[in-house]
Each structure stands twice: as C-alpha cells, then as structure tokens.
Amino acid sequence: DTGVSQDPRHKITKRGQNVTFRCDPISEHNRLYWYRQTLGQGPEFLTYFQNEAQLEKSRLLSDRFSAERPKGSFSTLEIQRTEQGDSAMYLCASTQQGNTEAFFGQGTRLTVV
Amino acid sequence: QKEVEQNSGPLSVPEGAIASLNCTYSDRGSQSFFWYRQYSGKSPELIMSIYSNGDKEDGRFTAQLNKASQYVSLLIRDSQPSDSATYLCAVDNYGQNFVFGPGTRLSVLP
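Chain order of the listed sequences is A and B.
The numbering used here puts the first residue of the first sequence at 29, with every later residue one more than the last.
The numbering used here puts the first residue of the second sequence at 1028, with every later residue one more than the last.
A couple of the hints might just be wrong.
To be verified - Computed spacing ranges between beta-carbons, pair by pair:
1) A:T30 with B:Q1097: 33 to 39 Å
2) B:L1073 with A:L88: 40 to 46 Å
3) B:P1108 with A:D35: 42 to 48 Å
4) B:G1056 with A:L67: 28 to 34 Å
5) A:E84 with B:P1108: 37 to 43 Å
Keep in mind that the hints were calculated from the coordinates and are not lab data.
We treat Cβ as the ideally placed atom computed from N, Cα and C, and that holds for glycine.
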C-alpha cells in the first residue's frame, strides 16, 4: 500500500465553478478525514467518516461543501460555486479505528481565480 | 472549542544544535498528542506520537508531555538543514478529529 492518495494534486478554477476532489485512504483504514489548510495556518478540520458514515462536520463546512464516502473506501469532497476564499490546500487523512495516528495524503491545492 | 497554541517562529538554530519546539493545549482531558513535520508546499508527515507523561525518544527526536501543565514539546538533537520545516502540534479530540496548532517554522542554519 502506498499510503493516502489524493487527486488532483492541483486545481485552478474560475469563481463560481464546481470542483470535486478525491481521496483514497490506506486500505485497512476505516476512518477518513478532510482538512483545509491556508498559508501560514495549521490544518482546519472539515469533516470525517467512519466507514461510509459521515460522523462529524465542522461549521467551516458551509452548504456549498459536500463530502461522501459511498462504499466506505474512497471519499469525494465537492465545492459548489467556488469563491476566492476557498483557495487552500485540501488535505485528506486516514486512520484505523482504535489507532489515533493519522496519515495525510499529498493534498489538493485549489486556486480560485 | 479546543485550542492548540504554538510559537509561529521562525526558530533559527545552527546546524548540530538542539531545536526545542513547544506546544500548549486548552483541553485538560486530551489524551493523545502528535508532532507533524511539513515542508513548504507539502502535506504534513507524522514524526512522533505521545500518550503518557514523560519523554519518548525516536532517533534524533524526543517528545515530552506534561499533562498537568498541558504542555507538549519536541526536541530535535543534532539539527540538520534538512530539518528546516514547519512543525505542527496536533491533539486528538476525543477520537473524533485532530486539532492542530498553527505550526512553528524551524530554520537550521548551516
């Protein structure tokens, strides 16, 4: 297993467009997290899944954001009607329940122009 | 709202010296603590986890935890220029997510 994989690595989009990111966690990990990180800040929690269930969502996750993990494997994060303030690195991490060490993917850097 | 605080730096140390990075957290009930290293433009990489009071050593890295003082630190011995990065402190939020500090930028000068 090569670790957590995210796609795409970079995305440039025009304001108002929709974007979707994908995360493939480490295969035996049943917990998957989405974080957002802006320059000079630590990662901010967005949401997390245990298997296919979305168990927690941050208040940062406005109604323009939606995340899914339909079969408990990969996850997608969609941002509708993107705004310039959405420009950030979107990070996915996974961990096995009962093991609190989380491992991050390479991230998707979103630029909204 | 849980908070994790770190000095943003930059912390500059000469090559070969000990770098000391500090972190405080607000929730006295926190149980699990992590240090991540993040190179510019890259994602965070887990380097240490610590769960009990005291020291935990792994190679050149030592994590120190003092739950009574709500304080976690990371010592890097024999610092190398390749250690230059941002170091993120993270605290487990009751198994639901991880709360990160803003990170400390470390610069190791050759």
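Here's how the hints hold up against the structure:
1. A:T30 with B:Q1097: 33 to 39 Å: Because 37 Å falls inside the window, the suggested range holds.
2. B:L1073 with A:L88: 40 to 46 Å: violated (23 Å)
3. B:P1108 with A:D35: 42 to 48 Å: Cβ of P1108 of chain B to Cβ of D35 of chain A: about 32 Å, so the range 42 to 48 Å is violated.
4. B:G1056 with A:L67: 28 to 34 Å: Since G1056 of chain B and L67 of chain A have Cβ atoms about 31 Å apart, the given range 28 to 34 Å holds.
5. A:E84 with B:P1108: 37 to 43 Å: holds (39 Å)
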